[in-house]
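Asks: Mapping the sequence shown onto the UniProt record's numbering, position 296 (from 1) lands on 296, and the numbers just tick up by one.
Note that these hints are calculated values from the structure, not bench results.
Do not rely on the hints blindly, as some may be mistaken.
[To be verified] Derived lysine-lysine pairs resembling DSS-like cross-links, with alpha carbons at most 27 Å apart:
hint, residue 1, residue 2
1, Lys67, Lys36
2, Lys305, Lys294
3, Lys240, Lys76
4, Lys311, Lys326
5, Lys36, Lys326
6, Lys250, Lys270
7, Lys67, Lys267
8, Lys250, Lys240
9, Lys262, Lys288
10, Lys40, Lys76
11, Lys26, Lys36
12, Lys329, Lys67
13, Lys288, Lys270
14, Lys245, Lys92
15, Lys26, Lys67
16, Lys311, Lys92
17, Lys245, Lys270
18, Lys40, Lys326
19, Lys36, Lys76
20, Lys245, Lys267
21, Lys329, Lys40
22, Lys305, Lys326
23, Lys92, Lys329
24, Lys67, Lys82
25, Lys40, Lys67
26, Lys92, Lys26
27, Lys92, Lys76
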Amino acid sequence: MTYFILSDDVETVQLSEQTVNPGQEKTGPQDFELRKVLGKGGYGKVFQVRKITGQDAGMIFAMKVLKKASIVRNQKDTAHTKAERNILEAVKHPFIVDLIYAFQTGGKLYLILEYLSGGELFMHLEREGIFLEDTACFYLSEIILALEHLHRQGIIYRDLKPENILLDAQGHVKLTDFGLCKEHIREGIMTHTFCGTIEYMAPEILMRSGHGKAVDWWSLGALMYDMLTGAPPFTAENRKRTIEKILRGKLVLPPYLSPDAKDLIRKLLKRQVMLRFGADPSDAYLIKIHSFFKQINWTDVLSRKLDPPFKPSLTGEDDVSQFDTKFTKQTPIDSPEDSTLSESANLVFQGFTYVAPSVLEEMNRPPRIVKARSPRKASHQQHHHLIHQIPIAPMRNPFASRQPPPIHDDMMEVVSHTPNHLEIH
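Starting from the given sequences, assemble the full structure and let the hints guide the process.
Replies: Dropping the structure here:
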């Protein structure tokens, strides 16, 4: 039996072979109705789906479909895919997307995640141009608690950017896309993988000098700058020049920023790692007590008691208005199976299957005799906390985004980009 010990503010999750993969619940693609295309990437698609069987019939989810044949060609891609699934299983937090099911067929991997209908923070930032400081403060406070929780579990996120931050139906933050995360990081232990999105990437990653959890706090500083000014702090006409600016460029802070905002940005964007806020063992502590957050009650943030600055206007549980119509207008079709994978290639993904503890609880309850009613209505009443949510942002053409897509060791700026995991840009 495996135990994942989470922080005091989040319930501990107990998992075992008997509870995670129960014999009576063999979930597969046939249990979901494809409703809309939410995005596409190099390795697969993301669909909005409705569960049509079981205790949670009628529920709306997002289905992330990955092609095994594309993933197994590259050892790093395989490792990133497995890491994402493992992290989503182990980490439960109010501001991190929930994994509900994971399963596989001969040629594909499937992740069923909560559906977040508020859209990407990127889209809202594009629409507004810049955020007011109070608005940025709200989003940053929820992101900080998510990053702090990941760090407590020994996980570095490494891909913080507006495209990977989703909003739920109430307007609260959810971090998504864990394909570039690094697991099992202990205090003082460095990793050397070159990965992330250039504009938000810490200097120590670019220098390949080894990096730890402090890279996430640099990215938070870059994100804060982006929210308050309309662009990341260091940008240029190409990746090479952008890297040069990140390593040696002057940080220019607009005069309209408050002294508190300027001070926090400077302290997060310190090139010398040990001088950077969040780099010491206290992690987020100095950030949370900074005067920029003087109006924030962190207990209320965790309890989702603060009023979001933006609440999506939604017509129903399956509303896709916050997604790119380029995808949502397409006919949702899951591509045919690739049955040419070898047995050894399939063994790589052994143990991929997962069922969320919340689903298992529902399955193990004794049946009740109730008046017949619509499965959709019953599902809505019993599971309203999962409805109106999306796990991943609408996927766009990587080259059409404000920022180039993430890169890792094999990509650099001299190689044309192929997504190393299903990304939502």
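Asks: Take the hints in turn and mark each one as holding or not.
Replies: Hints, one by one, checked against the model:
1. Pair hint Lys67 plus Lys36 holds up; C-alpha atoms about 19 Å apart against a cutoff of 27 Å.
2. For the proposed pair Lys305 and Lys294, the alpha carbon gap of about 17 Å is at most 27 Å, so the pair holds.
3. A threshold of 27 Å between alpha carbons decides the hint, and for Lys240 with Lys76 the separation of about 23 Å falls inside it, so the pair holds.
4. With a CA separation close to 23 Å, the supplied pair Lys311 and Lys326 stays within the 27 Å bound.
5. Only pairs whose Cα atoms come within 27 Å are accepted, and Lys36 paired with Lys326 is accepted, the gap being roughly 11 Å.
6. A C-alpha spacing of about 11 Å is found between Lys250 and Lys270, which places the hinted pair at or below 27 Å, so the restraint holds.
7. For the hint linking Lys67 to Lys267, the alpha-carbon distance of about 42 Å lies beyond 27 Å, and the restraint is violated.
8. At most 27 Å may separate the alpha-carbon atoms for a hinted pair to count; Lys250 and Lys240 meet this at roughly 16 Å.
9. Taking the CA atoms of Lys262 and Lys288, the gap is about 15 Å. The hint holds against a cut of 27 Å.
10. Taken as a hint, the Lys40 and Lys76 pair is honoured in the structure, with Cα atoms around 20 Å apart against an allowance of 27 Å.
11. Restraint check: the Cα-Cα separation between Lys26 and Lys36 comes to about 24 Å, which is no more than 27 Å; the hinted pair holds.
12. For the hint linking Lys329 to Lys67, the alpha-carbon distance of about 23 Å falls within 27 Å, and the restraint holds.
13. Simply put, Lys288 and Lys270 have alpha-carbon atoms about 17 Å apart, close enough for the 27 Å limit, and the pair holds.
14. Pair hint Lys245 plus Lys92 does not hold up; C-alpha atoms about 37 Å apart against a cutoff of 27 Å.
15. For a cut-off of 27 Å, the pair hint linking Lys26 to Lys67 stands: about 20 Å separates their Cα positions.
16. Annotation: proposed proximity of Lys311 to Lys92 holds, straight-line Cα distance about 23 Å (limit 27 Å).
17. Between Lys245 and Lys270 the CA atoms are separated by roughly 13 Å; this keeps the pair inside 27 Å, and the hint holds.
18. Restraint check for Lys40 and Lys326: satisfied, since their Cα atoms lie roughly 10 Å apart, inside the 27 Å limit.
19. For the proposed pair Lys36 and Lys76, the alpha carbon gap of about 30 Å is over 27 Å, so the pair is violated.
20. Between Lys245 and Lys267, the direct Cα distance comes to roughly 18 Å. Compliance with the 27 Å bound is thereby established for this hinted pair.
21. Of the pairs offered as hints, the one joining Lys329 and Lys40 holds, with about 13 Å between alpha carbons and a cut-off of 27 Å not exceeded.
22. Restraint check for Lys305 and Lys326: the C-alpha separation of about 35 Å exceeds 27 Å, so the hint is violated.
23. This hinted pair does not check out: Lys92 and Lys329 have alpha carbons roughly 33 Å apart, beyond 27 Å.
24. Taken as a hint, the Lys67 and Lys82 pair is honoured in the structure, with Cα atoms around 13 Å apart against an allowance of 27 Å.
25. With a C-alpha separation of about 12 Å, the suggested pair Lys40 and Lys67 falls inside the 27 Å cut-off, and the hint holds.
26. For the hint linking Lys92 to Lys26, the alpha-carbon distance of about 23 Å falls within 27 Å, and the restraint holds.
27. With a CA separation close to 25 Å, the supplied pair Lys92 and Lys76 stays within the 27 Å bound.
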